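Given the sequences, and given the hints that come with them, work out the whole structure.
Here is how the chains run, residue by residue.
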Amino acid sequence: MLLGTGAVALGLHSCVGEGEPEIEQQIIESADGYFGRTPEELERIEKLNAEELFNDHELETIAVLSEVILPPKPKVGGPLEAGVPEFIEFMGKDRPRMQNTLLGGLLWLDSQSRELFDKEFKSLELEQQKQILDPIAFYDPEIPSYKRPFEIQWFSLMRNLTVTGYYTSEMGIKDLGYKGNQPNVWDGVPQDVLDQHGVAYDPEWIAKCIDQSTRGDIATWDENGNLLT
Amino acid sequence: MQIKESPDVYDVIIVGSGAGGGMATKQLADAGFNIAVVEAGPFFDPADPKTMTQMKWPHASPRRGAGTDRAFGEFDMAYGGWEIEGEPYTHEPGTDFRWFRSHMLGGRTNHWGRISLRFGPKDFKGKTRDGYGEDWPLGYDDVKPYYDKVDKLIGVFGTNEGLENDPDGFFLPPPKPRLHELFYIKGARKSGVPVIPSRMSMLTKRINNERGVCFYCGQCSRSCSAYADFSSGSCLIFPAQKSGGKVRLYTNSVVREVTTNEEGKATGVSYISKDDRKEYKLKARVVVLAASACSSARILLNSKSKQHPNGLGNSSDVVGKYLHDSTGSSRAGFIPALMNRKPSYNEDGVGGLHVYSPWWGDNSKLDFPRGYHIEVWGGMGMPSYGFGFNANEFNKFFGTKVGGYGDVLRDDVKKYYGAVVGMAGRGEGIARKDNYCEIDKTTVDQFGIPVLKFNYKWSDLERRQATHMQQTFEEIIHNMGGEVLGDRPGGPDNGLNKPGEIIHEVGTTRMGNDPKTSVTNKYNQLHDVDNVFIVDAGPFVSQADKNCTWTILALSWRASDYIIEQLKAQNI
Numbered sequence: 001m002l003l004g005t006g007a008v009a010l011g012l013h014s015c016v017g018e019g020e021p022e023i024e025q026q027i028i029e030s031a032d033g034y035f036g037r038t039p040e041e042l043e044r045i046e047k048l049n050a051e052e053l054f055n056d057h058e059l060e061t062i063a064v065l066s067e068v069i070l071p072p073k074p075k076v077g078g079p080l081e082a083g084v085p086e087f088i089e090f091m092g093k094d095r096p097r098m099q100n101t102l103l104g105g106l107l108w109l110d111s112q113s114r115e116l117f118d119k120e121f122k123s124l125e126l127e128q129q130k131q132i133l134d135p136i137a138f139y140d141p142e143i144p145s146y147k148r149p150f151e152i153q154w155f156s157l158m159r160n161l162t163v164t165g166y167y168t169s170e171m172g173i174k175d176l177g178y179k180g181n182q183p184n185v186w187d188g189v190p191q192d193v194l195d196q197h198g199v200a201y202d203p204e205w206i207a208k209c210i211d212q213s214t215r216g217d218i219a220t221w222d223e224n225g226n227l228l229t
Numbered sequence: 001m002q003i004k005e006s007p008d009v010y011d012v013i014i015v016g017s018g019a020g021g022g023m024a025t026k027q028l029a030d031a032g033f034n035i036a037v038v039e040a041g042p043f044f045d046p047a048d049p050k051t052m053t054q055m056k057w058p059h060a061s062p063r064r065g066a067g068t069d070r071a072f073g074e075f076d077m078a079y080g081g082w083e084i085e086g087e088p089y090t091h092e093p094g095t096d097f098r099w100f101r102s103h104m105l106g107g108r109t110n111h112w113g114r115i116s117l118r119f120g121p122k123d124f125k126g127k128t129r130d131g132y133g134e135d136w137p138l139g140y141d142d143v144k145p146y147y148d149k150v151d152k153l154i155g156v157f158g159t160n161e162g163l164e165n166d167p168d169g170f171f172l173p174p175p176k177p178r179l180h181e182l183f184y185i186k187g188a189r190k191s192g193v194p195v196i197p198s199r200m201s202m203l204t205k206r207i208n209n210e211r212g213v214c215f216y217c218g219q220c221s222r223s224c225s226a227y228a229d230f231s232s233g234s235c236l237i238f239p240a241q242k243s244g245g246k247v248r249l250y251t252n253s254v255v256r257e258v259t260t261n262e263e264g265k266a267t268g269v270s271y272i273s274k275d276d277r278k279e280y281k282l283k284a285r286v287v288v289l290a291a292s293a294c295s296s297a298r299i300l301l302n303s304k305s306k307q308h309p310n311g312l313g314n315s316s317d318v319v320g321k322y323l324h325d326s327t328g329s330s331r332a333g334f335i336p337a338l339m340n341r342k343p344s345y346n347e348d349g350v351g352g353l354h355v356y357s358p359w360w361g362d363n364s365k366l367d368f369p370r371g372y373h374i375e376v377w378g379g380m381g382m383p384s385y386g387f388g389f390n391a392n393e394f395n396k397f398f399g400t401k402v403g404g405y406g407d408v409l410r411d412d413v414k415k416y417y418g419a420v421v422g423m424a425g426r427g428e429g430i431a432r433k434d435n436y437c438e439i440d441k442t443t444v445d446q447f448g449i450p451v452l453k454f455n456y457k458w459s460d461l462e463r464r465q466a467t468h469m470q471q472t473f474e475e476i477i478h479n480m481g482g483e484v485l486g487d488r489p490g491g492p493d494n495g496l497n498k499p500g501e502i503i504h505e506v507g508t509t510r511m512g513n514d515p516k517t518s519v520t521n522k523y524n525q526l527h528d529v530d531n532v533f534i535v536d537a538g539p540f541v542s543q544a545d546k547n548c549t550w551t552i553l554a555l556s557w558r559a560s561d562y563i564i565e566q567l568k569a570q571n572i
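Top to bottom, those sequences are chains A and B. According to the numbering used here, the stretch in the first sequence is residues 1 to 229, in order. According to the numbering used here, the stretch in the second sequence is residues 1 to 572, in order.
Please keep in mind that the hints were generated in silico from the structure rather than gathered at the bench. Please note: incorrect hints may appear among the correct ones.
Said to hold, decoys possible - Cβ-Cβ distance ranges computed for the label pairs, FRET-style:
#	chain 1	residue 1	chain 2	residue 2	range
1	A	Ser111	B	Glu92	47 to 57 angstroms
2	A	Asp217	B	Gly486	44 to 54 angstroms
3	A	Thr214	B	Glu92	51 to 61 angstroms
4	B	Asp362	A	Glu46	56 to 66 angstroms
These numbers were taken from a predicted model, which means no experiment stands behind them. Ideal Cβ placement from N, Cα and C applies to all residues, glycine included.
Here it is, written out as structure tokens:
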């Protein structure tokens with residue numbers, strides 16, 4: 001098969017293979033919501049989605065814990081709106097090495113809760129939950145993480161996954177204030193930001209930089225490499 | 001097994017569609033030849049919405065960008081990675097080499113850093129300069145006209161600085177530095193380390209009406225759908241399909257060997273189709289290998305015949321030898337003066353650095369022979385998996401508690417957002433005969449093709465260079481008022497990345513004037529077989545402290561001109 005001029009040839013494999021282009025096409029079309037996955041990658045995601053790592057109780061506990069770690073706020077929501085429990089379950093399946101820590105930590109949490117308050121963690125009052133978390137919430141950064149007690153490692157993992165899950169969500173990105181990932185014409189740091197951080201542009205350097213009003217003009221040079229347009 | 005033979009005879013078969021293969025395709029197609037491009041991976045067009053990852057948000061993915069499936073994160077545009085299922089490679093025990101492959105139209109050019117540096121005059125004459133390695137059989141003046149043409153054809157921003165070993169070119173104007181880069185400029189200059197605008201192949205201005213202009217999303221590693229960065233498919237292969245010649249793409253086709261006739265001349269290639277696992281043959285007057293330095297060496301070594309018992313082009317026994325990657329070592333610092341940033345503006349910029357430091361040192365006064373350049377990163381980037389891990393660990397620099405939970409975490413994430421600046425040194429290692437890849441006779445891949453076995457070790461010359469990098473990074477971080485993160489990397493190699501990890505592997509089919517000590521002549525033509533050429537980084541005699549792509553492009557164009565001349569004169 002000859003891939004012609006500017007062809008956007010989807011799922012076309014070798015010129016000589018017979019293949020099953022209809023099936024290929026279907027997989028790729030179903031990948032539409034999947035941010036440019038290859039058929040193999042898509043298949044793996046679907047396989048992981050079909051697996052179950054946490055039972056309902058464990059998912060509920062993660063949901064409660066994640067909102068203690070990062071309490072929701074008006075307008076920018078919290079871990080539940082950000083899909084944090086689902087994200088943590090997916091990562092546990094995607095990276096099986098985390099599974100023992102994730103599952104074992106949840107059992108440790110309920111066992112502590114029963115011992116102190118005779119209830120599961122998810123049913124405790126916030127103040128009681130804090131009493132359980134306070135002793136494991138802080139760590140000594142001078143001690144390598146793998147040498148820290150298990151429950152401290154587990155809570156750090158839960159905090160990391162909660163924070164990353166939230167700040168990679170639509171709401172978390174809004175809370176953070178990140179302004180990128182959209183078409184832009186970069187023309188330097190705003191003056192108020194330069195002032196805030198006590199730096200300034202060197203006029204000689206800036207003189208060499210792109211004048212954005214000419215970005216659409218086709219570049220031409222003289223024979224010495226001096227830009228003419 | 002029946003091998004299916006195509007009745008067509010092409011003028012030229014090009015194996016591989018990355019930088020070298022793309023340039024050969026463009027030049028040879030423009031000259032009107034009938035060409036087959038054989039690529040191991042699928043067709044890929046950066047503008048195809050079905051495969052595109054540019055402008056996707058992390059929350060489009062259930063793993064939020066984590067790199068489980070793709071080594072540099074799941075939005076990165078490389079199909080392959082350090083390990084590919086069914087296509088292994090092996091090591092001599094006690095040595096290491098990491099081999100990154102990307103099997104897709106355009107190869108690794110779809111995700112590369114676009115740092116587009118010319119080699120300088122000194123870089124082609126290393127042995128004359130310091131006695132290590134070998135000189136190239138050509139000099140800067142031979143390559144300069146091609147660098148000039150590559151600049152104009154593909155587009156690269158930068159500035160003419162009049163530096164002896166970082167030559168001027170035909171540059172588009174660079175983008176202005178970002179905030180963290182202003183801190184780097186100050187910090188580096190305080191230590192006498194020069195900083196100039198970076199030189200990268202994104203279009204800050206239009207260069208023709210076919211390609212768009214950069215819209216500053218910072219995602220060049222995802223391959224630009226506006227064709228505003230250099231990717232081989234969008235900038236070379238698609239335009240080649242529009243020009244006078246005929247370009248036929250064979251995708252998902254893994255080349256096993258170059259076939260030869262009784263006289264020992266190449267007749268074409270045989271390849272395995274990934275679709276049906278059958279072997280096919282293609283014929284051509286000329287075979288151009290551009291499969292990447294190690295893959296091309298592998299194809300040559302696997303192309304054994306009565307006439308070429310040691311593998312094609314390997315009468316010198318040099319194929320696979322002199323493998324070398326750039327050296328690499330990195331460090332990052334926490335810069336308190338970059339805390340509490342106002343995220344009031346979009347500072348994505350181009351994907352990668354707006355400023356860099358070319359090598360400034362005088363090696364005659366240092367304990368290592370070759371230099372390195374410094375790449376800089378930082379800023380308020382788009383969150384992805386891993387963002388906010390150990391969110392307030394920098395509290396330790398202020399004597400406050402690390403960890404916790406609650407609203408304070410939101411404050412900490414924002415307080416430290418964009419307050420880290422990183423530096424990566426990328427330097428020149430010495431090409432050595434005893435760093436090599438060879439065929440592992442015990443192992444084949446899923447296509448039955450014998451695989452490569454690597455044997456590579458750094459020497460004290462590279463280790464001492466890495467120590468110099470680390471000392472420089474620490475000094476610059478202190479100059480920025482920052483705290484160096486982590487201890488100085490130690491280990492047996494002083495914090496050097498493993499060989500191969502910088503993904504600048506070159507040298508496996510080095511060029512030279514003497515057929516006994518080199519594989520190709522200075523036109524990238526095999527000494528042993530005059531109708532086989534290699535236009536990837538295999539023919540590099542030495543790496544320089546520059547990234548290799550711009551030189552691959554220039555030498556591939558130069559070799560293509562030579563092929564056109566030889567074909568027209570009916571010499572090959």
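Results for each hint:
For the hinted restraint 47 to 57 angstroms between Ser111(A) and Glu92(B), the CB-CB distance of approximately 50 angstroms keeps it satisfied. Taken as a hint, the range 44 to 54 angstroms holds for the pair Asp217(A) and Gly486(B), whose Cβ atoms sit roughly 46 angstroms apart. One distance hint, 51 to 61 angstroms for the beta-carbon pair Thr214(A) and Glu92(B), holds here, with the actual separation near 55 angstroms. Our hint of 56 to 66 angstroms for Asp362(B) and Glu46(A) holds, since their Cβ atoms are close to 58 angstroms apart.
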